[in-house]
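Given next are the chains, with one letter for each unit.
There are 2 protein chains.
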Amino acid sequence: MSKQIRVALDAMGGDHAPEETVKGAVLAVAENQNVIVYLFGKEDALQAELDKYKDADRSRLIVKACSEVVAMAEKPIVAIRAKKDSSLVKALEFVRDGEADAFVSAGSTGAVLVGGQTIIGKIPGIKRAPLAPLIPTKRGVSLLIDCGANVDPKPEYLLSFAQMGTVYMERVLGKKHPKVAIVNIGAEEEKGNALVKETMPLLKAEKGLNFVGSIEARDIPEGKVDVILTDAFTGNVILKLYEGLATSLIGIVKKGLLSTIRSKIGAALALPALKKSLSDFDAAKYGGAPLLGLKGLVVKTHGSSKSVEVKNSILQCETFGREDVNGAIREKLGK
Amino acid sequence: MSKQIRVALDAMGGDHAPEETVKGAVLAVAENQNVIVYLFGKEDALQAELDKYKDADRSRLIVKACSEVVAMAEKPIVAIRAKKDSSLVKALEFVRDGEADAFVSAGSTGAVLVGGQTIIGKIPGIKRAPLAPLIPTKRGVSLLIDCGANVDPKPEYLLSFAQMGTVYMERVLGKKHPKVAIVNIGAEEEKGNALVKETMPLLKAEKGLNFVGSIEARDIPEGKVDVILTDAFTGNVILKLYEGLATSLIGIVKKGLLSTIRSKIGAALALPALKKSLSDFDAAKYGGAPLLGLKGLVVKTHGSSKSVEVKNSILQCETFGREDVNGAIREKLGK
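Chains A and B, in that order, give the protein sequences.
Residue numbers for the first sequence follow this note's numbering, beginning at -15 and rising by one.
Residue numbers for the second sequence follow this note's numbering, beginning at -15 and rising by one.
The following block holds chain A by itself, in its conformation from the complex:
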């Protein structure tokens, strides 16, 4: 592929900005010749960071100066209205105006969600835009949808998320007839909260879906389904617990390996192979989560993202762009 992909990076967003965002951009540009990154943020700070990388191809790392930053704790709607010259708002406008193909941010999830929907806008006919990260499983990855946008969704929203998730898995991961399941607390028909019970008949009735019924949280890491459907509250709990438990268990494994002299010797021999296995279960390598159903490509990466996650999120935009996920969603669900 020789088509260039232009990414507008909110270089001030995230816990480790601008050091790690700039480094991520430098790494992405070095890894893929087709990538151009526009870095939005405070000019002095960004230039100083860029100057650390003598070999970087500065022709594809373009600083776009803006004076404000949306902080993590700010109310999203208020911040977006008030901070017209923030890196987040300016970068989103750049995509809206067709000057970049994709937006990437490690900043406030709320601000990205609100900004994406109000500045770039939803595809006509799409009522809500879900945030849909890939999560690692024993068999590869599954799409967890929704993880951020709709904490108290209507059943019809979940139906459209199932459809968007299906398009995503077909296009981006090349899955044929991706299996869709809804997160539930048991496999029996009568189980579930009100939302699940109301959504179930809609999913069953929709012919275009390969809907396989309920999935219990216990079975999510098994990777038996491709699209895991849920409200954003539960989705966020699943995503965060995935991270927290993986970190804790890896810590416990390390502690166990270093607890006796005998096991320390064992650890020295076993650790390289073990690290390789565990890295397959590291959510960071899958980059950011797209906000689906928008007129442009918006990718949110974790607030605590380091350069590797930022780089992966930028590189991911090429796949998203090439496969034109939002175009396919517009074709299938737009009006």
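Honestly, the hints are just simulated from the structure, not real lab data.
Please read all numbers here as calculations on a predicted model, not as lab measurements.
Any given hint could be a false lead.
Put simply, identical chains are the same to the list, so a pair is met inside one copy or across any two.
[Claimed, not checked] Keeping only pairs whose Cα atoms sit at most 30 Å apart, straight-line, the calculated DSSO-like set for lysine-lysine is:
(1) K160 - K290
(2) K59 - K175
(3) K260 - K248
(4) K36 - K191
(5) K59 - K208
(6) K163 - K59
(7) K279 - K138
(8) K239 - K224
(9) K(-13) - K48
(10) K290 - K48
(11) K224 - K48
(12) K67 - K175
(13) K239 - K122
(14) K26 - K208
Since the structure of chain A is provided, determine the placement of chain B on it from the hints.
Positioned in the frame of chain A, the structure of chain B alone reads:
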């Protein structure tokens, strides 16, 4: 303690009944001289299982014959009304009538919840009875409340669960001023779904609680709070994902350890120490979950429980009984 504890065991409940339930009862009786187990179920089957254990003290393993079994997939209310001679109904009635101190089952969660509330009954003044398991954390255990009883609770129910959970952690685990947090998708004030937003002011206003605010799912395994408050849908997702991820990650660790010759040698040296560390994170050793706020003690253990979990659930009844959790709840919250 020389006081006897009489446990009515639904010996037909669970995926591995009656083999593992009977074995669990035999192990419990052998481990603690104060425990008497009444095994409810099909007489022939139970006697045949008991006959496998020649050394068992049969004077404290008493079979109570009944002809029916409540299956996992049955509708709870229907099954409890129809199957008057089931092991589940008969064992609950035994507790209601004061002939046993506690009820233990690995059977259908729904049937235990409905049966516990309708046959044994709630303490007057308690509107809903939550299911509250202990979950392992880096620092010990936390109480996850609610995990089964109320998938769409009212804010006032969650407030009373926070109070019951506080009593539990004070009495059973000896924690002073246990910290209570509500599961949420961010620490900021405006985050959360409708339920969390409505419950938050009630929790803040309640003087008797050591309420510390929101907890993100990522931080649950850290063990920074004692009582983790949530609706039963989210609670069930957390509990099941805990199990599923722990199992998957341990599998990945094993695979990693056995993937090269070098790491195999390392594994042989490291495995004993590693197993010891990982066993601390094994939910099974914490036994079953009590259904709080009832007139009697009802403990639900996992449907897939083996003899160890059944044994631990039976032994746990002694602590619950000794500390009189439900008595303390009645005193604090009953009318």
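Quick check: which numbered hints come out false for this structure?
-> Per hint list: 1, 4, 11 and 14 violated.
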